[in-house]
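Undergrad: Sequence:
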Amino acid sequence: MLFCLNFLLALLDDITVEIRAYPDGYIEKKYFSKGELVGLITINDLGKIVSKEGTLPDGRARAYYNDGTIALEENINHGKLEGKSANYYENSNIRSEYYYKQDVLDGQIKKYYESGAVHFVSAYRKGIKIATQEYAENGDLLD
143 MLFCLNFLLA LLDDITVEIR AYPDGYIEKK YFSKGELVGL ITINDLGKIV
193 SKEGTLPDGR ARAYYNDGTI ALEENINHGK LEGKSANYYE NSNIRSEYYY
243 KQDVLDGQIK KYYESGAVHF VSAYRKGIKI ATQEYAENGD LLD
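The sequence shown begins at 143 in our numbering and counts up by one.
Be aware that a few hints might be false.
[Stated by the list, open to error] Calculated pairs, SDA-like style, for lysine to any residue (alpha carbon to alpha carbon, straight line, at most 25 Å): (1) Lys172 x Gly196; (2) Lys222 x Ala163; (3) Lys222 x Glu256; (4) Lys226 x Tyr206; (5) Lys268 x Asn219; (6) Lys176 x Glu215; (7) Lys226 x Glu279; (8) Lys176 x Glu239; (9) Lys194 x Gly249; (10) Lys222 x Asp209; (11) Lys243 x Ser257; (12) Lys194 x Phe174; (13) Lys243 x Asp209; (14) Lys243 x Asn186; (15) Lys194 x Tyr206; (16) Lys252 x Asp166; (17) Lys172 x Glu279; (18) Lys268 x Ser193; (19) Lys271 x Glu239.
[What the hints assert, rightly or not] Derived Cβ-Cβ restraints for the label pairs, each shown as a range: (20) Asn208 x Val246: 17 to 27 Å; (21) Glu178 x Leu283: 46 to 56 Å; (22) Pro165 x Asn233: 31 to 41 Å; (23) Ser234 x Leu283: 18 to 28 Å.
Hint data in this document are derived by calculation from the structure and do not stem from the laboratory. Every value quoted in this text rests on a predicted model; they were computed, and no experiment measured them. From the three backbone atoms N, C-alpha and C, an ideal C-beta is built for every residue, glycine too.
All chains should be built: construct the whole structure from the sequences, respecting the hints.
TA: Now the structure itself:
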């Protein structure tokens, strides 16, 4: 059975994005302008862009759950993900934070438990993972 979540995302200049999240952690984002598909990206469970088609529109993107709570915030500059990309649980707690420089992971990446506790932290430099630490929900460092 396929499981996915769909969100609509409103951007500046009348741009919308359909987001589909899969149980394996992959996320597919379809970017639309005036009802026309203009770009598509697929991101793996670690935040790395694994495929990209078309042109992403520039601006600050936000996605919302059906109840109006924020689901995602990201920045697009010159058609590329730039800076912080944050995903949220439906309870408004942060789910994950990724940092990009021109579509490439660069900086600290954090994933959180739904309770808000840190699950793991990874450091990336120019798309290469240089360190990772994983934590139990109670805060204990895992091997």
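Undergrad: Are the Cα atoms of lysine 194 and tyrosine 206 separated by 25 Å or less?
TA: holds (23 Å)
Undergrad: Quick one, are lysine 194 and glycine 249 close enough, alpha carbons at most 25 Å?
TA: holds (21 Å)
Undergrad: Are the Cα positions of lysine 176 and glutamate 215 separated by 25 Å at most?
TA: At roughly 21 Å apart (the allowed maximum being 25 Å), glutamate 215 and lysine 176 satisfy the hint.
Undergrad: Just to be careful, I want the Cα atoms of lysine 243 and serine 257 compared with a cutoff of 25 Å; is the pair within it?
TA: violated (29 Å)
Undergrad: Below or equal to 25 Å on CA atoms is what counts here, so check lysine 222 against aspartate 209.
TA: The hint is violated at about 29 Å.
Undergrad: Tell me if the straight-line CA distance from lysine 176 to glutamate 239 falls inside 25 Å.
TA: violated (29 Å)
Undergrad: CA of lysine 226 to CA of glutamate 279, is that 25 Å or under?
TA: holds (24 Å)
Undergrad: Checking one constraint from the list: CA of lysine 252 to CA of aspartate 166, max 25 Å. Satisfied?
TA: With Cα atoms ~17 Å apart, lysine 252 and aspartate 166 stay inside 25 Å; holds.
Undergrad: For lysine 222 and alanine 163, compute the direct alpha-carbon distance and say whether it is at most 25 Å.
TA: holds (20 Å)
Undergrad: With a cut-off of 25 Å on the C-alpha distance, tell me whether lysine 194 and phenylalanine 174 pass.
TA: holds (14 Å)
Undergrad: Is the straight-line distance between the alpha-carbon of lysine 268 and that of serine 193 25 Å or less?
TA: holds (17 Å)
Undergrad: Taken at face value, is the distance from the CA of glutamate 279 to the CA of lysine 172 at most 25 Å?
TA: Status violated; Cα separation ~33 Å.
The structure fails hints 3, 8, 10, 11, 13, 17, 20 and 22 (numbered hints given earlier, in ascending order).
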